[in-house]
Every structure is written in C-alpha cells, then in structure tokens.
Amino acid sequence: MNRALTALLVALAVLSLPGLAAAQSDTVKIGAVLSVTGPASFLGEPEKNTVLMMVDQVNAAGGVLGKKLEAVILDDETDVNKAVLGAQRLIRMDKVVAVMGPTTSGNTLAIMQNVAAAETPLVSFSAAEKIVNPVNPWIFKNPQSDRHAVARILEHAKGRGYKKLAILTVSDGYGQAGREVLKELVPAGGFELIADEVYGPKDTDMTAQLTKIKAAAPDAIVCWGTNPGPAVVAKNRVQLGMDTPLYMSHGVASKKFIELAGEAAEGIMLPAGKLIVAAQLPDTDPQKKVLLDYTRQYTEKFNQPVSTFGGHGWDGVMLLAKAIEMGGSAEPQAIRDNLEKIKGFVGIGGVFNFSPTDHNGLDATAFEMIEVAGGDWKIMTR
Amino acid sequence: MRPWYARNLAKAAFFATALFLAPFFLPNEYYINILILGGINALIALGLNLLLGYAGQISLGHAAFFGLAAYATAVATTRLGLPIPVGMGLGVSLSALVAWLIGMPTLRLRGHYLAMATLGFGIIVHIVMNETVEVTGGPSGFVGIPRLALLGFSFDSDRSYYYLVAAVLALAALFSLNLIDSRVGRALRAIHTSESAAQTAGVDIAGYKLFVFVLSAAFAGVAGVLYAHFLCFVAPSSFGFHFSVQLVVMVVLGGMASVWGAMAGAFFLTALPEALRGFEEVDILIYGAILVACVMYMPMGMAGAAAGVWRRIGRLRRGRVPGQGEGGHVG
Amino acid sequence: MFAAAAQYLVSGLTVGATYGLTGLGFTMIFNTTGIINFAQGEFVMLGGMMSVFFRTWLGLDLFSAILLAVAVTALVGAAMERLTIRPIQGSSPINLVIATIGVSILIRGAAMLLWGKDTFSLPPFGGTAPIPLFGAAVQPQSLWALAITLALLTALKLFFSASIHGKAMLACACNRKAAHLMGISVARMSLFSFALSAFTGAVGGAILAPITMTSYDVGMMLGLKGFAACILGGLGNPFGAAVGGLLIGIMESFGAGYVSSAYKDAFAFVVLLLLLFVRPSGLFGKSGAERV
Amino acid sequence: MSDSAPLMSVSEISVRFGGVSALADVDFCIAKGTVTALIGPNGAGKTTLLGAITGMVAAQHGRVALEGRDITDLPPHVRARLGVVRTFQNLEVFANMTVLENVMTGRHALAAYGILDGILRTPRFRAGERACREAALEKLEFVGLADKKDVLAGELPYGSQRLLEMARAVAAEPRLLLLDEPAAGLNTQETKALAGLISRVRDELGITVGLVEHDMDLVMGISDAVTVLNFGTVLASGPPARIQANPDVVAAYLGD
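Residue numbers (numbering that gives the first Met the number 0), protein chains in the order written: chain R, 0 to 381; chain G, 0 to 330; chain H, 0 to 291; chain V, 0 to 255.
In case anyone wonders, no lab produced these hints; they're calculated from the structure.
A virtual CB, placed ideally from N, CA and C, is assigned to each residue, including glycine.
Accuracy of the hints is not assured; some may be wrong.
Said to hold, decoys possible - A few chain G residues that don't get close to chain H, going by computed Cβ distances all over 12 Å:
(1) Ala-17
(2) Arg-109
(3) Tyr-296
What the hints assert, rightly or not - Computed Cβ-Cβ distance ranges for the label pairs, DEER-style:
(4) Lys-67(R) to Gly-115(H): 23 to 33 Å
(5) Trp-99(G) to Gly-374(R): 54 to 64 Å
(6) Tyr-252(V) to Arg-187(H): 39 to 49 Å
(7) Trp-99(G) to Thr-26(R): 55 to 65 Å
(8) Ala-372(R) to Val-134(G): 35 to 45 Å
(9) Asp-60(H) to Leu-96(G): 42 to 52 Å
(10) Glu-265(R) to Asp-60(H): 18 to 28 Å
Unchecked claim - Coverage of chain G stretches by chain R, computed from C-beta distances (three or more under 8 Å per stretch; other residues unrestricted):
(11) 30-36
(12) 127-135
(13) 269-276
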C-alpha cells in the first residue's frame with residue numbers, strides 16, 4: 000500500500016526544481032505579472048510586448064544608473080492564484096525592485112496586500128479605483144480611471160441635452176467597476192438612469208437587452224465592456240433599427256473594435272486616451288511626439304496596431320526608470336518615494352502628476368471624446 | 000507487525016513526516032506558496048475522491064462548495080465582524096448544508112445526467128457570486144479578508160501556514176483511510192460497482208450517496224476557508240467550471256479510488272504550470288499533451304502506475320516468486 | 000410588448016441553433032462510441048476561425064474558405080480519434096473524457112499560437128438589411144443559420160435512415176458487440192463519427208461567425224451549452240439535442256428579457272435542473288438510462 | 000419441510016413497464032424452511048417477481064408480506080435488513096474488491112458500529128470488524144472459497160463468482176434467500192455441486208430459499224414446492240411431482 004505514497008513523493012519532487020535566482024549586481028531587475036494568455040490576453044499581450052520593447056530602449060540609451068534594466072515577465076493566465084504565485088515569485092526568487100501589473104483589476108487587488116507587505120512598489124496596469132483609493136503607500140497605477148471616463152461621457156451628454164440614460168455593462172471586473180461608477184455619477188449628474196442591463200463576457204447576442212432598453216426609450220445608451228461584446232452591441236443596435244446615440248467606454252479604444260463592428264460602429268462615441276488619435280492632435284499637445292514615436296516603433300517591431308493597453312507598459316517601464324534615476328537608487332524604498340514625486344511626466348496615458356494622495360496622477364484631461372466616422376476615430380469638437 | 004487497525008495511523012504519520020520535511024528540500028521560500036496551494040487542492044481532491052473514486056458519483060460542480068465556504072468566511076469575518084474560527088465553521092457548514100440540499104434531488108440522477116446537474120449547479124453558484132456584488136464584491140473580488148489567527152497565534156508567515164495546511168491534510172488523509180477501511184468504505188465501493196447488489200446487502204444507497212456528497216463538500220469547504228484566509232482575497236474566477244473540471248482531472252490523473260493518488264494528482268497539477276513557466280506561451284500545448292499522455296500511458300493514474308512499478312521491482316527482488324496477497328485496492 | 004417577445008424568440012432561436020449544432024455533434028460521437036467529447040466546442044471554434052483565415056490568408060472567396068475550413072476540421076476530428084481515442088479504446092469512460100479535455104486544451108492552445116488572441120468577424124453570407132418579422136428585426140444571417148441547421152438535420156436524418164454507413168453507425172449505437180459480430184467495423188465507425196461531428200461543429204462555427212464573431216477561446220462555452228442541449232433533449236437523441244439547443248437559446252433570451260440579463264444563464268440552468276429532477280433522462284431520453 | 004404459515008407472501012401483485020404488463024394479479028407464497036422454485040418460459044415475469052419481492056421493481060398494485068408484516072412500501076435495503084436478500088442472474092459481484100471484502104460487504108447491516116467508530120478506530124469498531132471478518136470467512140468456507148479470500152473478485156472464474164455471490168448473500172443471514180438462475184452458465188459438475196449447496200443453505204443454515212431456475216433437473220431435484228409463471232400470471236403451483244404431471248405446464252413449455 001505504501002508504494003502509492005511513492006507517487007505522491009514524486010509529485011512533491013517536481014516542486015524541488017532548482018531555482019535560478021542568481022542576483023547580479025550589474026542589472027536592475029524589475030518584474031511584471033501580466034495576463035499574456037487567458038481571457039484578458041488581448042490586454043496582456045501588447046503590455047508584455049511594450050514592456051520588453053521599452054526595456055530594450057532604456058538599455059540602448061545607457062540603462063539606469065549605468066546598469067542594465069532587466070524585466071522578468073510572468074504570465075498569470077488571467078487567473079487569480081497564478082497572479083498571487085507570480086508576485087510571490089518575483090519578490091522572493093527573482094528579488095525584483097518593483098513589480099508592474101497585473102493586467103486585470105481582480106488580480107491587482109489579489110496581490111496588492113502581499114506586495115505592499117514585502118515593501119516593494121507596485122505599478123498596476125489595471126483601472127479599478129479601489130487600487131489607489133484609499134492610497135496604499137506602495138501601490139500605484141497608470142491607466143486612466145473609470146471615473147474620469149464617465150465624467151467625460153456625462154459632460155458630453157449634458158452638452159447634447161440628454162436626460163434619460165440607459166447603461167449596458169459586461170459582468171466581469173471591468174464592467175462591474177464601470178457599472179458602479181455609472182450608477183453613482185449618472186444620478187449625481189442630474190440624469191435619470193432608466194435601464195441597467197448586463198451581459199456575460201462570452202455572450203454573442205445582446206438583442207434581448209437592447210430590446211428591453213429600446214422599450215424604455217432612453218436619450219442615449221452607455222455600454223461598458225471590452226472587445227468583442229461591445230461590437231456585438233453595436234451590430235445588434237443597428238439590426239434592431241435603433242438610432243439612440245451609443246457611448247462606449249475606453250475599453251474598446253482600438254482599431255479592432257471598428258474592424259469587428261464594421262459599419263455598425265459609425266457614429267459611436269467614446270472617451271479614449273490620446274494614443275489612437277495622436278495624428279489628429281494639435282502640434283502643441285505635449286504628448287503628440289511621444290505618442291507618434293511609440294506608435295511607429297511598436298508597429299514596426301510587432302507588425303500590429305498599437306493599443307492603449309500596450310501604452311500602460313510604456314508608462315510602467317518609463318515611470319520606474321524615471322523614479323530610479325531621480326532618486327539615484329534602485330532600492331524599493333527609494334523607487335516608491337520618488338514615484339510619488341514625479342510631476343509633469345509625459346506618458347502614453349496622459350501627463351502624470353503624482354502626489355502622496357494621488358497614486359494615479361491623471362485627471363479627466365487624459366481623455367479625448369472621439370467618435371467613429373468613415374471607419375476611423377475622429378476627435379469630436381463638441 | 001503493527002496491529003491491523005493502526006496501519007492507517009502509521010501511514011498517515013509517515014505522510015505527515017514527509018510533508019513536514021518537504022520545505023527543507025525546497026530551493027527557495029517561494030515554493031512554499033505552491034505547496035500551500037497544492038495542499039489546499041489536495042484536500043478538495045481527497046473529498047472528491049471519496050465521492051468519485053470510491054462511490055463512483057461524478058461532480059462537475061465541486062468548485063462551488065470550495066467557493067461557498069471561502070465567501071462565507073470572508074463575509075463573516077469582515078462584514079459581520081465575527082471571529083475567524085466562527086467564520087471558518089460557518090463556511091464549512093454552509094458548503095455541507097448546500098450539498099445536502101442540492102444532493103437530495105440531484106443524486107437520483109445517473110452518469111452524464113448527474114454530471115450535467117452538478118455542472119449546472121456549479122455554474123449557477125458562480126453566476127450568483129458574480130452578480131451579488133453587495134455581498135461578494137462581484138467579479139473583481141472580495142478584498143480585505145484577515146490572515147488566519149487561531150488561539151492567539153497568527154499564521155502570518157507562509158511557513159507557519161504551510162504547516163497548518165499540512166497538518167489538516169494529514170488528518171484528512173487519515174480520516175479518509177479509516178473511513179475507506181470500514182464498512183462505510185465497502186458500502187461506497189459497492190455502490191460504485193453495482194447499486195442493486197449493494198441494496199441487497201442492506202446498503203442504503205441514497206443515504207450513503209448523500210452522506211459522501213455532503214462529506215466531500217465539507218472537505219472542499221475546509222479547503223475553501225483555508226484558501227480564503229491564506230490569500231486574503233477571493234474572486235469568482237477561482238471557483239468556476241474550469242476549476243471543477245481541474246479537480247476531477249486531479250483525481251483521475253492521480254488514480255481513482257486511491258487516497259494517495261488523489262493527493263499526488265493535486266500536487267502534480269498545481270505544480271505543473273510552475274514547472275512549465277519556462278516555455279512561455281507554448282506551455283498550454285505541453286499541458287494538454289501531458290494530460291492526454293497521462294491517460295494514455297497511465298490508465299490507472301499515478302497511483303496505478305506507481306503500484307505497477309513497485310510490483311515489478313518486487314518481482315525482480317524476489318526472483319519471480321509469485322507474491323502473496325497483492326490484492327486489495329491501492330491505498 | 001408582442002414585438003419584444005418576437006424579438007426575444009428570434010434571438011433565442013439564432014443563438015440556440017449554435018447550441019443545437021454543437022449538441023448534435025456530441026450526440027453523434029456519444030451514440031457510436033459512448034464518449035462525451037469535451038473537444039466538441041473546439042470543432043465549432045475551428046470552423047469559424049479557419050473560415051476567417053482561409054479567407055484572409057489564402058484570399059479565397061467566402062464559400063470556398065468555409066468549405067475548406069469544414070473539410071480540415073473534419074480531418075482534425077478524424078486525427079483526434081486516431082491519435083488519442085483509438086489507442087485507449089478500452090479505458091474507463093472517465094479516462095476517455097479526460098483525454099478529450101486534454102485534446103480540447105491542445106486545440107485551443109494551437110489556435111491561440113497560430114492565430115493570436117483577437118476576435119475576428121466573417122462577412123454575412125448574403126444581405127445585411129434586417130428583415131422585419133412580426134415586429135422583430137431579423138438578420139438575414141439568422142435565417143441562413145436556421146436554414147442550414149435544418150438542412151443539416153434533414154441530411155443527417157436521411158444519412159442515418161438510408162445509407163449503409165449511417166445504419167452501421169446506428170447499429171454501433173444500439174449494441175457495439177452485436178454490431179461487431181455483424182461484420183461492422185466499430186473502429187471505423189468511431190473514426191467516422193468523430194469526423195462527422197467535427198464536420199457538423201465546423202459548419203455551425205462557420206455559419207455563426209458572421210453573427211457572433213469568433214476567437215480562439217469560444218469553444219469552451221459552446222461545448223458547455225452543447226452538452227446542456229443534449230442532456231436537456233435526452234442524451235443519445237439527435238433530434239432531442241437540436242430541440243434542447245433551441246430551447247436553451249430561447250430560455251436565455253427570454254430570461255434576459257423578462258427576468259434579468261445578469262441571471263440569464265443561471266435561469267436556463269435552473270430550468271434545466273428542475274426538468275432533470277422531474278424527468279431524470281431529459282425531454283426525449285429513454286427512461287432508465289444506464290450509468291456511465 | 001414445514002407447512003406452517005408462509006414466510007413470505009405476495010398477493011395480487013401487478014407490474015407494468017410502460018404499456019406492457021409484466022405481472023398481472025400474481026399470488027405467490029414461500030413456506031418457511033422450504034426451497035420454493037419459480038419456473039416458467041423466458042419472459043414469463045420470474046425475475047420481475049423477484050424484483051417486486053425485494054423492492055427493486057415498483058409494483059403498481061398488490062402487497063408483499065414477510066411473516067405477516069406488510070413490507071410493500073419499504074425500500075430494498077430495508078427489506079434486505081429484514082431478511083429478504085437476493086442474487087442476480089447476470090453476476091453482480093463487486094469486481095474491484097477482494098473475495099473476503101465482498102462477503103464482508105454482504106454483512107454491511109450486521110456490522111454493529113457507526114461511521115465515527117470507524118474513523119476513530121474505537122474498540123467497538125475493532126470488535127465489530129473482527130466479528131464481521133470471522134463470520135465472512137465462515138461463509139466463504141461454507142461455499143468453499145476460503146482459500147481465495149484475498150483474490151480480486153473480478154479475477155475469479157465464472158463458477159466461483161456464482162459461489163461468491165451466494166456466500167455474500169448468506170453472509171447477510173437472511174430469512175429468505177432469493178436465487179435468480181444460479182445455475183446459468185455452470186457445467187453439469189458445477190450444477191450438481193450447486194444443488195447440494197442450496198440444500199445445505201436450507202438445512203444447515205436454516206434459510207428459506209426462493210429459486211428461479213431453468214434447469215429442470217436442479218429444480219425438481221431440490222425443491223419442496225414449485226410455482227409456474229406464464230405471461231405474467233400463475234399457471235400452476237404445487238409439489239414438484241404434481242407440477243411435472245400438469246398438462247398445462249407441459250403445454251406452456253412445449254408451446255413456447
């Protein structure tokens with residue numbers, strides 16, 4: 000009977016694979032836990048590509064403090080457990096000085112406590128407000144906040160004189176966060192919330208929800224989700240012959256959305272970071288050069304269109320590099336202290352102004368209201 | 000020779016010693032985390048093995064019991080401000096209670112229909128976890144669960160937590176072994192092979208099915224509360240269909256109807272992705288291939304394969320003298 | 000009010016057709032081999048994804064791209080049977096199921112590496128202007144989907160009742176040993192059933208890609224719903240699987256419309272569970288179905 | 000043999016499967032201390048009747064009584080505990096257990112210890128388990144399989160599996176043992192041994208036996224009473240000699 004124990008011991012032995020954790024003093028190791036595979040891979044993959052590309056650029060320009068920057072990227076497969084394990088591994092085995100990511104809000108919330116307890120700074124690539132509110136001294140995030148995106152939408156809706164709004168959100172972490180903010184800000188902004196519908200992340204038909212919304216006759220609809228759901232919503236809206244104006248969230252701000260929704264995308268409005276409309280920005284915009292450079296480099300290197308998500312990788316690496324240079328030290332404590340002091344940093348997501356009470360550093364001006372016209376994004380003038 | 004009734008105790012003690020020594024062989028503290036998660040998964044697999052391996056009743060919704068307990072203790076210890084032991088008790092009780100309620104109508108179903116019903120139950124629970132945002136925090140998860148502290152001792156370090164999980168696991172293994180080596184275990188295996196023959200032996204099959212279903216849900220519940228107070232965070236995505244399937248794979252890959260096999264399967268599948276990290280995105284292909292290869296080359300699971308190797312060694316040693324009393328189930 | 004109900008029905012039928020086709024694939028394999036093939040959803044995914052890629056990579060027209068995609072998927076199905084199912088024929092059912100789970104992970108992984116993680120769309124077969132019907136707006140592609148599903152069902156029905164291969168497959172379904180004694184090659188029928196259900200799945204994937212779009216990971220959810228469709232209809236009954244699929248689609252869409260869009264999937268599964276408690280072998284299943 | 004009140008009696012039992020009638024108003028008694036045979040052509044409803052007596056088949060109508068106690072509404076495992084135990088036509092041994100474990104499972108209801116006793120290995124568990132093992136070994140010796148006690152049941156030859164099923168059934172110490180075609184698949188030698196064994200079950204263990212069987216030599220050789228079923232109704236019933244002479248019975252068999 001004990002022989003079956005052998006099987007167990009063999010399995011335990013798999014764990015005993017020797018770790019390769021040789022700390023070299025001529026490099027500065029930063030880590031990242033990203034959803035390179037799994038449901039959020041469309042976010043994680045460009046993030047990973049960008050992080051690698053930016054680390055190369057930093058090193059080509061002489062590295063940080065004269066040392067080479069090295070990025071250890073772990074895939075969490077969009078799974079909470081793997082994210083926690085990944086963060087532990089970065090801290091304990093790879094002994095990184097700072098952690099970037101994770102890609103999704105749920106995974107960030109899951110690892111936050113551990114990373115902070117290990118006194119390592121974390122620069123998250125996910126949007127949820129809970130990450131930086133209340134402020135945890137070790138936790139930062141660089142994507143724009145949902146709150147600012149909603150504020151831009153509502154400001155625009157007010158300008159158009161809309162009164163009654165319907166919301167349609169996806170039932171995952173992204174949609175949930177958006178829904179919470181919408182349910183708070185829509186009534187607060189003097190609007191009437193007359194329909195609150197939800198769809199599943201893998202749903203392929205939203206006509207039922209839209210039919211219900213149609214019956215409620217709102218002045219405009221706000222849909223909060225990431226591809227492909229919103230493209231289905233756009234198509235179904237046209238199919239049902241609805242001409243109610245449709246707002247999307249910044250979660251669809253990539254060329255992919257227009258490709259998927261086709262003609263149904265025409266006229267759809269959304270708040271988005273400036274990256275996808277960089278060429279249309281006035282030359283006076285401080286971000287324009289940075290955005291165009293990144294677009295060109297990324298497209299050349301990976302033969303794929305840029306997306307806002309990849310931009311988080313750019314901001315993550317460059318903010319860390321900046322903090323290290325500012326403090327002249329690659330110690331976690333110094334990086335944390337100096338991240339908090341960064342002001343006027345021109346990045347992809349916007350112009351960052353961190354402070355001890357603001358660990359996101361962006362405001363509503365990081366967004367432009369844009370619409371789809373003629374199969375491309377256009378900055379709206381009013 | 001030890002008395003026959005103490006044999007399981009000796010095996011469990013041996014196992015406990017192995018678990019105790021395991022961390023000393025780890026090249027890095029980080030691997031303790033994997034051992035903890037492996038131990039938690041092994042606990043669920045032990046319970047599922049009683050249900051699936053011994054009684055032959057499938058459940059494709061066991062992640063739900065794991066999750067229910069985790070959420071129950073999360074809510075109890077934060078929102079309701081109850082002490083941690085109370086929260087853990089509530090969690091395990093909730094899993095067992097829900098299993099009892101759902102088990103009564105469900106366990107009348109057979110084969111693929113039972114698989115579907117348990118799968119459907121798991122999906123319903125998962126959706127409820129996602130949608131009752133006020134209670135569970137919704138898809139983005141439940142933050143701020145306190146780390147485990149019992150009797151004034153706080154399990155803050157991962158090593159202390161590991162020893163707690165290891166102790167619970169060793170006890171659970173002893174519990175399972177003793178249960179199996181009794182009339183209850185014989186009744187369960189009887190139900191697996193022939194329900195009518197079990198009935199005619201006086202076995203209350205409906206009663207035993209319900210008993211073992213509730214028991215395995217309670218095992219998952221214990222794992223769930225340990226998980227919640229270890230990670231200090233829970234999200235619905237850990238308790239979906241995917242994990243339910245993975246649990247079944249752990250049991251089958253380890254070896255059905257083997258206490259050691261189920262645990263081996265759990266540790267193996269928990270550690271495998273870690274071992275495959277170096278392959279980056281190709282790891283998913285290797286993972287799938289390993290799964291297929293395992294069922295192809297180890298039809299009786301890891302326990303069966305180990306038994307086969309052991310037998311071969313024994314035969315070599317004894318010089319082809321037929322062994323006596325090789326019979327009996329593994330474990 | 001009535002228009003809304005009609006719209007829910009149309010949406011439900013369109014989505015339900017996918018589930019039904021997936022369920023049909025499940026049934027064909029189950030009937031000849033007794034295996035629940037968890038990779039069935041991946042066949043649907045392959046049908047859609049390959050149509051997209053043959054069209055863009057090879058520059059084929061829509062029709063040829065789909066034809067090629069369906070044929071290749073059928074080959075994948077046959078290869079799967081040959082390489083993974085055949086060698087472990089005599090294994091316990093649960094091992095076979097795990098093997099199919101392994102294969103589904105492999106196929107999904109390969110698709111991800113080959114074609115990336117994005118979502119893709121296929122142009123509709125003909126017409127984009129919605130057709131009004133009892134107050135509901137119907138996409139022409141929905142009609143295509145329903146029509147092709149029906150045609151496929153009829154063809155399969157004919158195949159099973161009229162052709163020698165079909166009859167042989169049915170014989171395997173009734174009694175494998177007897178079929179073997181009758182000189183029917185059970186092994187060949189098993190191969191054939193995998194190819195045929197991969198074919199069916201791929202057709203489903205191709206006709207639905209224009210409506211629902213497709214990506215490397217759509218298979219798992221479809222597999223789940225397809226399995227639910229077979230169970231609802233009664234395992235082993237192809238007609239039951241098709242009806243089961245349509246019913247689940249309708250339940251989801253009415254659930255979303257009248258109950259709550261957040262709980263629509265839960266609603267469908269609650270109904271399914273309640274039905275199983277009353278009828279333990281599904282709507283059209285033989286009572287006293289044997290255990291695995 | 001005894002002519003006291005019947006140990007088990009079935010009255011006016013009817014069973015339908017869908018629209019097909021399997022048993023129609025059947026009356027059937029087994030007297031205490033006898034071997035009572037139930038014969039009839041294929042499809043006459045013999046196995047269905049066994050099912051109705053043990054509770055594995057639901058009867059639409061009629062009563063089943065054990066020593067005057069109505070057991071009609073009791074589930075099979077309760078009937079088994081009251082003493083109604085059966086074997087099966089197509090062997091239902093627990094193939095993945097050892098021979099000894101099979102027989103010990105037969106004593107499931109007699110092992111007097113609870114679940115917690117087992118987990119905590121209490122003295123009660125040890126005593127109960129030891130007693131169970133000894134009784135099981137005794138039954139194995141009774142059927143002549145004691146030397147095979149540690150073999151996996153599935154690895155036994157067919158004839159031995161039949162004996163094992165018998166041992167498992169008598170291990171439950173039933174009052175009524177119902178045997179469903181115990182001689183099916185046995186050769187003449189084995190059948191002869193089986194006949195001796197059945198008589199010993201009655202005489203040495205004092206267990207009343209109900210026997211469904213096709214082998215007429217076996218039936219007529221050891222039965223005290225015979226009932227003939229045909230198309231779900233009782234055709235005749237009486238001592239073996241009278242049944243053999245009954246022209247209706249002969250016609251039913253020949254006309255089959």
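Hints versus structure:
1. Distance check for Ala-17(G) against chain H: the nearest CB is about 27 Å away, which clears 12 Å, and the non-interface claim stands.
2. A cut-off of 12 Å between C-beta atoms contradicts the statement that Arg-109(G) is not in contact with chain H; the least separation is 4 Å.
3. Here Tyr-296(G) does not stay apart from chain H, with its beta-carbon only about 9 Å from theirs, under the 12 Å limit.
4. Lys-67(R) and Gly-115(H) have their C-beta atoms about 30 Å apart, which keeps the hinted 23 to 33 Å range intact.
5. Between Trp-99(G) and Gly-374(R) the Cβ separation comes to about 58 Å, which falls inside the hinted range of 54 to 64 Å.
6. The hinted range of 39 to 49 Å is satisfied by Tyr-252(V) and Arg-187(H), whose Cβ atoms lie roughly 44 Å apart.
7. Our hint of 55 to 65 Å for Trp-99(G) and Thr-26(R) holds, since their Cβ atoms are close to 57 Å apart.
8. As the Cβ distance of Ala-372(R) to Val-134(G) is approximately 44 Å, the hint placing it in 35 to 45 Å holds.
9. Hint check: Asp-60(H) to Leu-96(G), Cβ distance near 60 Å, so the stated range 42 to 52 Å is violated.
10. Against the hinted window of 18 to 28 Å, the Cβ-Cβ separation of Glu-265(R) and Asp-60(H) comes to about 26 Å, which satisfies the hint.
11. With 5 residues having a beta carbon nearer than 8 Å to a beta carbon of chain R, the region 30-36 of chain G meets the requirement of three or more and the stated coverage holds.
12. Coverage of a stretch by a chain is defined here by at least three residues with a beta carbon nearer than 8 Å to that chain's beta carbons; for the region 127-135 of chain G and chain R the count is 3, and the condition holds.
13. For a cut-off of 8 Å, the count of residues in the region 269-276 of chain G with a CB near a CB of chain R stands at 6, and the three-residue condition holds.
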